[in-house]
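Novice: Each chain is listed here by its residues.
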Amino acid sequence: MMPVHPTTWLAYALAILAGFAFGFVLERAGFGSSRKLAAQFYLRDMTVLKVMFTAIVTAMLGLTLLRALGLLDFDQLFVNPTFLGPQIVGGLIFGAGFAIGGYCPGTCVVAASTGKLDALAFLLGIGAGILVFSGLYPVIGGFARSGGGERVLLSDWLRLPYGVVAILVTLLALGMFFGAEWIERRMAAPPSAAKKTADDEPAPQAS
Amino acid sequence: MSTVSDHEEHALRERPLWDPYLAGVALGLVLLGTFLVFGRGLGASGALARLTALLADGVSPAWVAANGHLGGYFANGGHWWDDWLVFELAGVVLGGLAGGLTSGRFGLHVERGPRLGVRARLGFAFLGGLIAGVGARLAQGCTSGQALTGGATLALGSWAFMFAVFGGAYALAYFVRRLWT
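Residue numbers (the numbering used here), protein chains in the order written: chain A, 126 to 332; chain B, 202 to 382.
If you're looking for bench data, these hints aren't it; they were derived computationally from the structure.
Hints are not guaranteed to be accurate.
As the list claims (entries may be wrong) - With the Cβ distance kept under 8 Å, some of the chain B side facing chain A (calculated, not the full set):
hint	residue
1	255
2	278
3	288
4	352
5	370
6	379
7	382
None of the values given here were measured: they were computed from a predicted structure.
Just so it is clear, CB atoms sit at the ideal spot from N, CA and C, and this is done for glycine as well.
Next comes chain B alone, as it looks inside the complex:
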């Protein structure tokens, strides 16, 4: 767990980020490619739901089988990994790792706002993840699978989701500003 000064030292050796618009074009071309090859776009939370279903199944198969939400992944002899999103997410891990290793931005580190301690940050990160996890399941997707992918196909519900995400985040941002500023 490194300190702020370690992080600053790190920053000196980092490769610069891509221009946001060029990164956006690159991301858009990746997305376009998946549409042309697979007929569908990118995602993240769907694969995490499958992994969660797998872990929960290891602890309590009866609960998972009876559950109206998670049970669906195993219905009719289905396998937790039998979805291209699971393989895609494995690729995201490798791609993120490669990106970090080739840019000097890899390193064990707790990123946090200037007023937040390490433990508090980890707690709030977990809480944020929990809330986002509930929201993503309710909306059947996240910023990748709904906003980005659905946005590019002009899906009405995905656009509604995207504006709701920004709305929810901006509405709460003022009240949680001590976490980040």
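Isolated chain A, as found in the complex:
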């Protein structure tokens, strides 16, 4: 029955391996580039949405299938506790930082690893932000801890069976993929430039 929960030294070795795969895939997805990431917010390159939702659906369907086969004890999985207020406000703030800086924490680590100095600045900024948050904690800690922190699934909230919600999420993702492809075609004018724009987005202006 999974999860396995390996013992410490093996766990740490496997954690490094999992992180390696994570970082490598992010690099190959193009997430070491702030301009590519930021282009998501100008509808010129929908890679962020495509990669994220494909990954979520892949892992979700895998978990659902293994659970249905009796190979996975879903109750043993860590499910992020729900603190709706802090998560929504934190998400809005986080999104603003993403739009200004062009990275999120994971992608800035990957970009910094490939030599991007702006990613290093973003990384230092995150450290400063964590210190700011910690300094403000006596004031905002009450709000940060509010919201219950319980294990609430989308299926609990929608009062639908887990499997039905998994199918709905898959359909939502497919709908967004069709929308993303449509938007990319619309935004890529002239059409012949579409491929180039997607790969090296946006092309620097010739000086």
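Knowing the structure of chain A, use the given hints to seat chain B on it.
Specialist: Frame of chain A; chain B shown alone:
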């Protein structure tokens, strides 16, 4: 610090990126693997908080110990590295490095919008990181630990976070368009 033309030269030797959907499947399988082995998903900001706690502890242990947020990492004899996320993040550094070295996308370089100078870009990157750092701590996770990981387990709060991230980014994007276009 290279110029735009250096970067373009670089681009000519780069290996192509993976198809976004295939990259997504690969990422999803990595995530699924960590769930099956560890019972939890991927993350990034949690490990950065631990590293920040370590650095702050080096400067002012008393402040960290008294702090309601950072102090928790050292409570009950806890060690800053005693969390699988720290090891996972070390792996991310190595994986990103390997990805960059094998694709021709490694190189010291300040990536910036066409109208932004190097100094301005570094300043805005720092500012963006600072804001994202505050948001990630408030939400107890980032795009990795909340949106991706929580999203795959259908955690309600993680989905709320994810839509809030896109909402915040799209709402601000118009006003900061000069940074990127």
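Novice: Compare the structure with each hint and give your call.
Specialist: Here's how the hints hold up against the structure:
1. 255: 10 Å, violated
2. 278: 16 Å, violated
3. 288: 4 Å, holds
4. 352: 4 Å, holds
5. 370: 4 Å, holds
6. 379: Constraint on residue 379 (chain B) not satisfied, violated at 11 Å.
7. 382: 6 Å, holds
Hints 1, 2, 6 from the earlier list are contradicted by this structure; the remaining hints agree with it.
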